[in-house]
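Residue numbers (the numbering used here), protein chains in the order written: chain R, 1 to 199; chain D, 1001 to 1225.
No lab work stands behind these hints, which were simulated from the structure alone.
Heads up, a few of these hints could be off.
Cut-off 27 angstroms, straight-line C-alpha distance, at most; resulting in silico cross-link-like pairs (DSS-like, lysine-lysine) [claimed, not checked]:
#1 D:Lys-1206 <-> D:Lys-1222
#2 D:Lys-1014 <-> D:Lys-1051
#3 R:Lys-183 <-> D:Lys-1222
#4 D:Lys-1102 <-> R:Lys-6
#5 D:Lys-1102 <-> R:Lys-117
#6 R:Lys-20 <-> R:Lys-152
#7 R:Lys-183 <-> D:Lys-1014
#8 D:Lys-1206 <-> D:Lys-1221
#9 R:Lys-6 <-> R:Lys-152
#10 D:Lys-1051 <-> D:Lys-1222
#11 R:Lys-20 <-> R:Lys-183
#12 D:Lys-1102 <-> R:Lys-111
#13 R:Lys-152 <-> R:Lys-183
#14 R:Lys-117 <-> R:Lys-6
#15 R:Lys-152 <-> R:Lys-111
Some chain D residues well away from chain R (every beta-carbon gap over 12 angstroms; in silico) [what the hints assert, rightly or not]:
#16 Thr-1010
#17 Asn-1081
#18 Ala-1096
#19 Glu-1118
#20 Ser-1132
#21 Ala-1166
#22 Ser-1168
#23 Phe-1224
Cβ-to-Cβ under 10 angstroms is the rule here; a few derived chain R residues that face chain D [to be verified]:
#24 Val-129
#25 Ser-146
#26 Leu-192
#27 Gly-196
Think of the CB as a built atom: it goes at the ideal place given N, C-alpha and C, for glycine as much as any other residue.
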Amino acid sequence: MITVYKAGNSWLHGIPAGRKLLALTLLLLAISIWGRGAIALGAGAVLCQLAFLAAGFGIAGFARQIWAMRWLLLVMLVPGLIFLPWQTAITNTARLVECVLLASVFSFTTKTADLLKTIERAATPLRRVGVNPASIGLVLTMTISSIPLILKFAGNVREAQMARGVQPNIVRTTVPLLVASLKHSDDFAEALMARGVEV
Amino acid sequence: MILLNSVSVTFENKVALSGVSVQLPQQRIGVIGLNGSGKSTFARLLNGLVKPTSGTVAVNAINLSIDARAARAQVGFIFSNPDLQIIMPTVAEDVAFSLRGKGLSAAELDSQVAEALERFGLTELANEAAHSLSSGQKQMLALCAVTIAQPALIVADEPTALLDAANSAQVQNFLLNEWQGQVVLVTHDLGLVETCDVLLRFEAGKLAEVGEPATVIANYKKSFA
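In isolation and in its complexed conformation, chain R is listed as follows (with noise of 0.2 angstroms):
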């Protein structure tokens, strides 16, 4: 589920960063907006599919992506299907899916070096209040690096405890999640500044 940069020559990965986190921008926009209905949401699914086929992924790369968002599918559905009428927990959930798939596909064409530079520009005028727009990239950068790494934290901590005949729940993952991540926080900015990053 976590997207990182699939190096390719489709027409996608050519497009500047800037010009496809706008379009981008404006699809969920318009999915979050108009996506109601057969019609739009089968319009919002064709859209997605294209997008794979003109990333140079296919069918088969959108269904490994659509199989690497079953958990959120469920997640989304099933709470939806017992408090909402059928409808609207289907369609909130189609409209999710359908972000997320174009997030995706913004993903795995953008290197995350111009998604920063992109950032980084869009924030320039940030810079009269005081704010530093390479941190603001640098932060966004490294938000999506961590996670794969929480999430391997994560289940650690699951692991640890089955290993001691403790069944693992929310609460009791919870605090030492927390407990690694702010420890692996304070080593990482150890890091960063070893690697010359001021933090």
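Chain R is fixed; fit chain D onto it per the hints.
For chain D alone, coordinates are given in the frame of chain R:
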């Protein structure tokens, strides 16, 4: 050249290093000592990650207390946990991150990154998620990301602690045989430092001994026998 003059480091009233003075012109420098002996504090001093409470630390005549940023540009640091060192999502991007701010064109950047990845056998993994690599591959990535910036000195704090024998040998071979700059290797693995040019032994925050690796290792073993 590494120069420490009467260096002491105190963390919240606890003395981590006390009165360390040493001059190290040698190329391959090993550092050993028990846990809490001060060897990691010594390593961190060399990159300005830890500031001396008193005394001065200089690397290639740059005083770290005066210009830590300039000194850091000369000193690459390798941590025992390679996960810590990954900043960017993919392997190639993480290596390229080390060259930010150098004013290179995109073509120059790509070429230097490709060359560095090839040297460390990471070319096939260039576009993989950096955190998905094995520990050995991550440590090679860390070495690649550090060396591409061409530091004068590499400080490696237990770089093989989480590696298997094969990966450990690969890291050892690079640091002690291939790397042409100065290297400080902090480790508990005595086999790793026996071919160093000089070995430092720390004990209870003090520099207990500096000398030939064979002699220092023998004395170290006696100290806890």
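Now for the hints, and whether the structure bears them out:
no., hint, result
1, D:Lys-1206 <-> D:Lys-1222, "holds (17 angstroms)"
2, D:Lys-1014 <-> D:Lys-1051, "holds (14 angstroms)"
3, R:Lys-183 <-> D:Lys-1222, "violated (35 angstroms)"
4, D:Lys-1102 <-> R:Lys-6, "holds (26 angstroms)"
5, D:Lys-1102 <-> R:Lys-117, "holds (15 angstroms)"
6, R:Lys-20 <-> R:Lys-152, "violated (30 angstroms)"
7, R:Lys-183 <-> D:Lys-1014, "holds (21 angstroms)"
8, D:Lys-1206 <-> D:Lys-1221, "holds (17 angstroms)"
9, R:Lys-6 <-> R:Lys-152, "holds (22 angstroms)"
10, D:Lys-1051 <-> D:Lys-1222, "violated (32 angstroms)"
11, R:Lys-20 <-> R:Lys-183, "violated (36 angstroms)"
12, D:Lys-1102 <-> R:Lys-111, "holds (19 angstroms)"
13, R:Lys-152 <-> R:Lys-183, "holds (14 angstroms)"
14, R:Lys-117 <-> R:Lys-6, "holds (18 angstroms)"
15, R:Lys-152 <-> R:Lys-111, "holds (23 angstroms)"
16, Thr-1010, "holds (18 angstroms)"
17, Asn-1081, "violated (7 angstroms)"
18, Ala-1096, "violated (6 angstroms)"
19, Glu-1118, "holds (16 angstroms)"
20, Ser-1132, "violated (7 angstroms)"
21, Ala-1166, "holds (23 angstroms)"
22, Ser-1168, "holds (21 angstroms)"
23, Phe-1224, "holds (28 angstroms)"
24, Val-129, "violated (24 angstroms)"
25, Ser-146, "holds (9 angstroms)"
26, Leu-192, "holds (7 angstroms)"
27, Gly-196, "holds (6 angstroms)"
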